[in-house]
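Keeping their order, the protein sequence lines are chains G and Z.
Using our numbering, the first residue of the first sequence is number 1, and each one after it goes up by one.
Using our numbering, the first residue of the second sequence is number 1, and each one after it goes up by one.
These are calculated hints, taken from the structure and not from any lab test.
It is possible that part of the hints are untrue.
Here are a few chain Z residues that face chain G, going by a calculated C-beta distance under 8 Å [unchecked claim]: (1) Asn37; (2) Gln39; (3) Val41; (4) Ala58; (5) Thr116; (6) Glu117; (7) Tyr119; (8) Asp121; (9) Ser138; (10) Leu139; (11) Lys140; (12) Ile142; (13) Asp197.
We put the CB at the ideal spot given by N, CA and C, even for glycine.
Protein chains: 2
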Amino acid sequence: MQQFSPAEWQSWERFYRANFINSLTGFKSASLIGTINAQGVPNLGMFSSIVHIGSDPALIGYINRPIAAAPHTLANIKANGLYTVNHIHPSFVEKAHQTSAKYPDEVNEFTEVGLTEEYLDGINVPFVKESTIKYLLSLKEIIPIALNATFLVIGQLEKVLIDPSLKPTSDGFLHLDQAGSISSNGLDAYYKTELIDRYDYAKPDTPVQKMANKI
Amino acid sequence: MQQFSPAEWQSWERFYRANFINSLTGFKSASLIGTINAQGVPNLGMFSSIVHIGSDPALIGYINRPIAAAPHTLANIKANGLYTVNHIHPSFVEKAHQTSAKYPDEVNEFTEVGLTEEYLDGINVPFVKESTIKYLLSLKEIIPIALNATFLVIGQLEKVLIDPSLKPTSDGFLHLDQAGSISSNGLDAYYKTELIDRYDYAKPDTPVQKMANKI
């Protein structure tokens with residue numbers, strides 16, 4: 001095996017190191033977070049660190065970089081309390097990537113990149129109309145990570161919107177490959193996926209079983 | 001769009017809800033975490049909540065479920081201070097899934113599922129020999145998430161092992177699809193991936209550019 005040690009990656013050029021370290025954590029669920037600022041300007045940003053916290057209550061987290069590097073989304077979430085997470089489809093992956101450019105706070109990324117704001121009645125935060133799976137979160141807790149000045153931002157699930165063509169299976173699962181949701185790797189790579197299999201709940205002394213296809 | 005609200009998913013059967021909520025966060029980087037307990041028994045467990053915390057210093061986190069549901073990995077990390085994260089290849093995805101069965105603490109999951117322990121000189125924690133990308137972490141912080149009794153466990157990167165056939169690109173990126181690293185969705189679904197594209201660093205007023213292929 002090729003071995004790499006801290007002295008090596010600490011000596012690397014910044015972007016080389018960022019690309020390498022970001023690849024190690026494996027495939028990610030790059031999604032667009034939609035917010036609105038105190039002046040009513042929508043914001044849309046790409047976040048690849050969405051993480052499942054729990055199902056009951058339904059809690060979903062993401063890592064926000066240090067405030068100086070990524071100020072707008074977190075400020076808007078604090079001000080408004082509501083935010084949306086929107087899956088990315090290959091048909092608009094280039095527009096989604098473009099939201100990661102550093103636009104000033106008064107710029108509406110939806111307009112800049114060519115995606116469409118969508119609002120639910122009485123909810124003053126934008127979804128991405130083009131997204132086939134999207135959900136609304138209400139802020140529950142911002143946990144500072146002192147080690148590197150980042151934050152774990154945790155929201156509670158308040159609403160889920162799914163394209164009518166995508167039905168949950170008989171056991172509640174969503175075939176994200178059929179929905180076309182992309183995965184990401186590193187800072188700038190996006191992927192389609194192909195199902196290998198689902199497997200039954202694992203038990204000691206029971207051989208692994210492929211799941212009979214759930215409708 | 002189909003709309004789902006909290007009253008609905010709170011009324012669902014537990015596994016239906018878990019499947020549905022776990023699909024929402026999108027594709028995940030299911031990996032095997034290797035640890036060793038105070039009696040010297042190795043432990044291997046599947047974790048799909050690996051999350052990038054930062055590149056400099058190189059910090060990687062994962063979410064540990066409540067202690068009652070998932071006691072061994074976290075206890076071992078606390079006792080030993082070192083743990084490994086090992087990417088999963090389609091050739092051993094069934095064995096990897098089987099590690100999620102609830103084995104007693106005195107059982108060695110490597111032996112039970114048929115994977116091979118691999119040790120580096122002087123480092124008393126097992127890697128998965130079959131894994132083509134794997135890394136060693138030292139515990140830096142365990143952050144309790146009071147909302148649902150889970151934990152964000154953060155480790156610092158201490159060593160990286162990569163199969164000789166996989167070279168970082170000229171800008172440090174790892175083509176995880178070429179390495180065969182799988183992605184996961186929900187509790188039990190595993191995927192191969194296919195690169196759509198990499199894109200250049202996004203800038204305002206500059207059209208999105210596909211990256212020229214990096215070697």
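Against the structure, the hints come out as follows:
no.	hint	in the structure
1	Asn37	violated, 17 Å
2	Gln39	violated, 19 Å
3	Val41	violated, 15 Å
4	Ala58	holds, 5 Å
5	Thr116	violated, 13 Å
6	Glu117	violated, 15 Å
7	Tyr119	violated, 13 Å
8	Asp121	violated, 11 Å
9	Ser138	violated, 10 Å
10	Leu139	violated, 12 Å
11	Lys140	holds, 6 Å
12	Ile142	violated, 12 Å
13	Asp197	holds, 6 Å
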